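Given next are the chains, with one letter for each unit.
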Amino acid sequence: METFIAIYIFILAAFTGYEVISKVPVILHTPMMSGSNFIHGIVLVGAMIALGFAETGLEKTIGFIGVFLAAGNALGGYVATERMLEMFKSSKKDAE
Amino acid sequence: MLNSEIIIQVCYLIAAIVFILGLKRMSSPTTARLGIVWAGGGMLLATAATFFTPGMGNIELIIIAIVVGGGLAWITAKKVAMTDMPQMIALYNGMGGGAAAAIAAVEMFKVHELEISVEILAIIGGIIGAISFSGSIIAFGKLQGIIKGSFRFKGQNLVNLLIMLSLILLSITILMDFELMRNPVVAVFIIALIFGIAMTLPIGGADMPVVISLYNALTGLAVGFEGYVLQNYAMIIAGTVVGAAGTLLTQLMAKAMNRSLGNVLFSGFGDQSISIEGDSESQGEMKPIESSDASIMMAFAQKVIIIPGYGMAVAQAQQKVWEFSQLLIERGVDVKFAIHPVAGRMPGHMNVLLAEAGVPYDLIYDADEINQEFKNCDVALVIGANDVVNPVARTDPSSPIYGMPILDADYSANIIVVKRGQGAGFSGIQNSLFFLDNTRMLYGDGQEVAANLVQTIKEL
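For the protein sequence lines, the chains are C and W, in the order given. Residue numbers for the first sequence follow this note's numbering, beginning at 1 and rising by one. Residue numbers for the second sequence follow this note's numbering, beginning at 1 and rising by one.
In isolation and in its complexed conformation, chain C is listed as follows (with noise of 0.2 angstroms):
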């Protein structure tokens, strides 16, 4: 990989992060940052490729437990955000 390039999304990616989040109001941090924790499961892919091209023992073992773990991220971090999501209300639209 074109190591400038990578650079320049790195940066990017991260102005983006920072833009993104700096208008949030303090009811949203909790769900916010457990959002943020889902979508950092994306590391799930990686350790699937980790996994995928594993040869020796070692490597499948460390490859497996990396998935293991990654699939927690992404899916536990998914429920959990999804639980407190559904669950904000407005007085306005929907009186009970």
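It is worth saying that the hints were derived from the structure and are not from the lab. Please read all numbers here as calculations on a predicted model, not as lab measurements. Careful, some of the hints might be misleading.
Stated by the list, open to error - For lysine-lysine, the following BS3-like pairs were computed, each having C-alpha atoms within a straight-line distance of at most 30 angstroms: (1) W/Lys148 - C/Lys89; (2) C/Lys23 - W/Lys458; (3) W/Lys255 - W/Lys336; (4) C/Lys89 - W/Lys458; (5) W/Lys255 - W/Lys148; (6) C/Lys23 - W/Lys148.
What the hints assert, rightly or not - Ranges between beta-carbon positions, derived for each pair: (7) C/Ile7 - W/Gly55: 38 to 46 angstroms; (8) C/Thr61 - W/Leu13: 27 to 35 angstroms; (9) C/Ser22 - W/Met286: 36 to 44 angstroms; (10) W/Asn263 - C/Thr61: 36 to 44 angstroms; (11) C/Thr61 - W/Lys78: 27 to 35 angstroms; (12) W/Lys375 - C/Pro25: 22 to 30 angstroms; (13) C/Tyr8 - W/Ile329: 50 to 58 angstroms; (14) C/Thr61 - W/Arg152: 31 to 39 angstroms; (15) W/Asn160 - C/Glu55: 33 to 41 angstroms.
Built from N, CA and C at the ideal position, the CB exists for glycine as well.
Put chain W on the given structure of chain C with help from the hints.
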């Protein structure tokens, strides 16, 4: 590039875009729900596409790992009570960090030529991931109550510094000679894991949210670095976005708690509680009130502001409190909820707990939004909160919480404090609000008290 590779890359690209849009949507309560669903779709797409990477083997192993790991996480996340959510976030985050470390380990054990820049990022990402893994697990243990107290000794910072130096030195030896030096690689990971534990153990429970948020950002960063190693743009973008967003979120949280990040990591006020003098000159007497009187007082008020704290959630009183508020609203009382940034175990946690009880978010106000309104407020009902309404934070420069933003409940015409007993709060600091002339103490378990309040108002 093969056709299938192009398709996979397009899937990753879509996933990266959807992640950013989803995160953006999550920053407003009206669109937040859709935001996480979008991001979930992106994740599903990226994961499915990865299975078709040319040359992938061990498919059965991958599927088993996903089903077991994902399944366990799915079940626990579905079951966990909302009050315990912060430690679960810590746990899932730690798993992500561990996964990043595992990727680094696999890549470093492999016998292949790596560019020096790739080597450096692989090892840094691995170290950060491992620290985040063990640190998050300690954070989980602390909030869950498995690990009690804080382990502190003199020169702890020095020891941590030494651990960090040894990490750096070892990493350099590996980089100098990458020819399959397994022993230092193993050592680096072990030391990184120890470092995560040593860094987190001394930090008190009250500061844990900031620490969890920090580890969240670190995991993001580690994922970004490992993305570079694997030449996977989706990982670089998603990881870096989270790394930056998480850093900002950590700063916001630390600010809301009136602490600097360095302070959180290297001092340890988190549960300094015991060491603080229970300054006894604070003062005068607490005046009790019966729940029926309190209920009537609020029923005939024009404006009531409710200040809930974690104590209310522990007593599982939020449903009853909301029921009581609804009855007040029916009588024409203007009811608002005032939430301090650090109410609950994490900034925003109380909002989640109130939302679970059914309180609509447009009745819930931040400290900044509502502090001017206490002057015109007839009754401020403090339930399960303590330090966040302590006027000492404004008046007494010698107090450890001096300067912390608080809710100005003391400006209200009347104050009712629901409290189990007469003791001091989480931080162990005496609350001068309780001794004001217009403050009444309503003793009892939060849920019982709220039930009594409801009872009285129904009989009116």
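Status of the hints after comparison with the structure:
For the hint pairing W/Lys148 with C/Lys89, the CA-to-CA distance comes to about 36 angstroms; that exceeds 30 angstroms, so the pair is violated. With a CA separation close to 42 angstroms, the supplied pair C/Lys23 and W/Lys458 exceeds the 30 angstroms bound. Note on W/Lys255 and W/Lys336: the hinted pairing holds, with a Cα-Cα distance of about 24 angstroms set against a maximum of 30 angstroms. A distance of roughly 26 angstroms separates the Cα atoms of C/Lys89 and W/Lys458; the hinted pair therefore holds under the 30 angstroms criterion.
Among the hinted pairs, W/Lys255 with W/Lys148 is consistent with the structure: their alpha-carbon atoms are about 26 angstroms apart, no more than 30 angstroms. As the CA atoms of C/Lys23 and W/Lys148 are separated by approximately 36 angstroms, the hinted pair breaks the 30 angstroms bound. C/Ile7 and W/Gly55 have their C-beta atoms about 28 angstroms apart, which leaves the hinted 38 to 46 angstroms range violated. Checking the proposed 27 to 35 angstroms range against C/Thr61 and W/Leu13 shows it holds: the Cβ atoms sit about 32 angstroms from each other.
At about 43 angstroms, the CB distance of C/Ser22 to W/Met286 agrees with the hint of 36 to 44 angstroms. Evaluation of the 36 to 44 angstroms hint for W/Asn263 and C/Thr61 yields a pass: the beta carbon distance comes to about 40 angstroms. In this structure the supplied range 27 to 35 angstroms holds for C/Thr61 paired with W/Lys78, their Cβ-Cβ distance being about 29 angstroms. Distance hint check: the CB atoms of W/Lys375 and C/Pro25 are about 24 angstroms apart, consistent with the given range 22 to 30 angstroms.
Here the CB-CB span from C/Tyr8 to W/Ile329 is close to 54 angstroms, well matched to the stated 50 to 58 angstroms. Distance hint for C/Thr61 and W/Arg152: a CB-CB separation of about 36 angstroms, consistent with the stated range 31 to 39 angstroms. The hint said 33 to 41 angstroms for the Cβ distance between W/Asn160 and C/Glu55, and at roughly 37 angstroms that hint holds.
In terms of the numbered hints stated before, the structure departs from hints 1, 2, 6, 7, listed from lowest to highest.
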